[in-house]
Amino acid sequence: MTADPRQALSTGGYAPGTLRQQLWDAVTRRDEDAATTAALTALDHGVDAEVMLLDVVAPVQRQVGTEWAANRISVAQEHAATSINDRVIAAVARHPVSRTEPRFGRVIVACVDGEWHAMPARLLAEVLRLRGWAVDFLGAQVPAPHLVAHIHQTGPDVVALSSSIPTRLPIAHAVITACQAAGAPVLVGGAAFGRDGRYARLLGADAWAPDARAAGDQMAAGIERRRRSPSTYEPVDDLPHLADEEHARVSRSASDLVKRTMTSLDEHFPAMRTYTEQQRQHTAEDIAHIVDFLATALYVDDDDLFTTFITWTADILTARGVPARSLHLGLDLLAGQLPDFPRANRILGAGRRRFDEHLADSGPSPG
Amino acid sequence: MSEASPVTTHGTELSLGADWADATYPVMLVDPSGVITRRNPAAARLFPDAVAGARLADVVPEWLADAQGQLGSPQPSGDGQDGSRTFRGQVGERSFEAHASGRDDGSVMWRLVDVTDRSRAEEALVREQDRFAFVVETSDELLTSLNVDRCMETTARLAAKYLADAASVVVVTASGKLSVATAGRASELTRTTIDADLAAVPGLRQALRGYPPVAPRRMDPSSVPDWLLPRRLTGEVRVALIVPLPGHGMPAGALVLWQHDDGPRVVSADETLLRLFAARAGAALAAARMYAEQVSITAALMRDLLPPQLHRLNGVEFAGGYRASRPSELIGGDFYDVYPGSGQGQETFVVLGDVCGKGLEAAVLTGKIRNTLHALAPMAADHQRILELLNSALVSSHHSLFATLVLGTVARSGDRVQARVTSAGHLPPLIVRTDGEVQEADTHGDLVGVMPTVTATTATVELMPGETCLLYTDGLTEARGGPVGSEEFGEQRLRRALSECAGLGAEATVERIQVLTSDWVGRGNHDDMAVVAITAPRTASAAAGAVQPRAGEGL
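Sequence lines, in order, name chains A and B.
Anchor point for the first sequence: position 231 equals 231 in this note's numbering, and the numbering is continuous, going up by one each time.
Anchor point for the second sequence: position 354 equals 1354 in this note's numbering, and the numbering is continuous, going up by one each time.
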């Protein structure tokens, strides 16, 4: 598995591109049998199992997310597609070519508590199994106490933690610290930790990998525990800016902030008054998300985390025909409620600027 | 005292001269050729032969003579602020600092300061700092893990780092085998489990038996079996020391320290530290072993209490989801089970319920109800009878135990699924049609375990391909949270969510509902939440394995 496995492919009919198309078609038709048959036939014809997982299933799953963001498929269809991809992974794992005797150590693969997107972690678990690790896959949203209990029971060489939603970073930090305190080095991955892994370093992870292949390579090279004495180390040492308590205060009063922002929106945004109950619910959820991301940006003290979320939300809203202008107003109203929060105001300001640039970039002004 | 007479060559030296004589520390003046020209009484007491006219090199220890020789070289280290240079060395039993100051005429004035007490204090401090670092690292490392293997490795590694050239840790496993971890200063950790005869290593046998109590003792390195030795030891082992690791009332294991020579690293030199380490390591190993035993006991007891994994049965999709109210617990007062029928028509019996109470105690009570229901499963056709029998069992038991539940009897019929559902004081199941319409099953009845009799009505539900019947507990709808906090998730939201799940299949529906309710409660408190989806498979091909022949399909 050291050489690039993509080169192992010879049969054009089983090139990853062709297979991706087959799987995509089957997934969109919700034809589970066709999807698993396509995968198993390819394996029978010599396609490498890791290639199948990482160059066929993973891109199709990413495409599912992209289609949802563009409002071309519903949340429900996204779930259905994901569940079919899950079956495909299970089928690949059961195929004889995937049979591998563990020859390295033991690794626990888990998602951070509150993280439901188990697919990236599942793919990593299967890839590590293929590469000869004894893998305990604990699945989606694993509470920290379960994870720590499992570490004590099995004494793994590494814990691989996955998180795709940035708002789980504060929890991820607690989980990383808990695993390390139980004596296990922690490798983290997933979109939550930033494209360059910056939050992984910030939160004290022992290693970060941009994808499953890189994670496998790093595990093979060995992951060293950053020995920090638990007698002297406090997790807050990594984040001195938390001393201003802005994160704690914003996350503690999150529901109040949402309520007050909703009230202000009623006053400043006349269109709100004609909203149905469900539309109001969606608006409240959007504002709750903004507050959640603001709290997270305060936790890691990084404007980019917030501005990335704002442009993403603007696209999501625009794709669903919701006037994105209300987002700008929401940011204004939120800032107005946090007069004594210099860092929060800095982050909200950065969000507004990025939002304006983004709308200017993406053509006609919506709303 | 004649040597201490006032200096006459220089005016400045005249005044210094008076200090000389009185100085409590030894002072000597040495001319450029290395000959002593003057000394004070303190110097005379320290170096009786250092009379004026004697060569310094002949009358002082070597280090001081060397120092005099080095003064010509431009070595800057040890220079004082006043241009003096400082050297250190022993005179007899005592330690001295010698400060040399050059003078205009090329002569050197040596002042010697007795630093014996300070050096001893400094050495003692360094020693204490080392011991402290060792104790802190030992605590830190040994306290982290409750895993027996990891504790053994940590013990071996720390012992090889601080106490000896290499170390082995031996533990007797539950099955009577020997588990061995070894570490050297440079070599990697190794772990093996072997079936070896302890009689070959008598000292080890006693240390592992723990009775009679034994102190650390040496053993003959030549008699050591290979499995006990660390791999890749560089050099011959001259000393082997067996140290018992005390546990909780019985030995936790034994530590063997290996040393290439009789040098100072042999820890018997510092027995207090060795005992302290052995006590810490033994306690950590004993705790880890106790934890492992408790975990296996808990796992054995929990096995039947955990919610079962559901899958397709008799051509019908089943999926279940469970979230206990306390994140550290996997079980609670909600439960569900699916029992495949074996009789004609292959009816599957489904039950979902909610026992009064929370947490582990409630979970134990669900166990009793689930066992009773399992026994009653063959009577699945008659829900009323099952409820009556369960009710009388609960009413007559010494537990004040009551529950609400939903019973379901499910069978495939063509490409459809027929279900008869009965609610006993429980929320009626919801049915999701292919067009997204959500209906409530028309069933209601008394909860069980309170009144001497129970009555309930049964609803018959027909599911077309892709349609789902959802059984759930009130933990879902009563979950508080949402964007503005403390708002109930509520049945309306559940119905709306289900409507979006039309045609989704059992597993994806359950996952979707779990995601929504979990996000809704966020980090807030919630009750146990259980949900079971029963779905008629969507496509003909997806229904492969169904008991009904294809010919039976169609209206």
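These are computed hints drawn from the structure, not numbers from a lab.
Note that the coordinates shown come from a computational prediction; the quantities given were computed from them, not determined experimentally.
Hints may be right or wrong, so weigh each one.
Covered stretches of chain A (chain B as the covering partner; in silico rule of three or more C-beta atoms under 8 Å from a C-beta of chain B) [to be verified]: (1) 189–202; (2) 258–265; (3) 348–361.
Quick list of in silico lysine to any residue cross-link-like pairs, SDA-like style, CA-CA up to 25 Å [claimed, not checked]: (4) A:Lys-259 - B:Val-1484; (5) A:Lys-259 - B:Gln-1492; (6) B:Lys-1358 - A:His-146; (7) B:Lys-1161 - A:Gly-222; (8) B:Lys-1177 - A:Lys-259; (9) A:Lys-259 - A:Thr-311; (10) A:Lys-259 - B:Glu-1488; (11) A:Lys-259 - A:Pro-270; (12) B:Lys-1177 - A:His-152.
Just so it is clear, CB atoms sit at the ideal spot from N, CA and C, and this is done for glycine as well.
Quick one: which hint numbers does this structure break? Sort them smallest to largest.
-> Hints 1, 3, 8 are the ones this structure does not satisfy, whereas the remaining hints hold.
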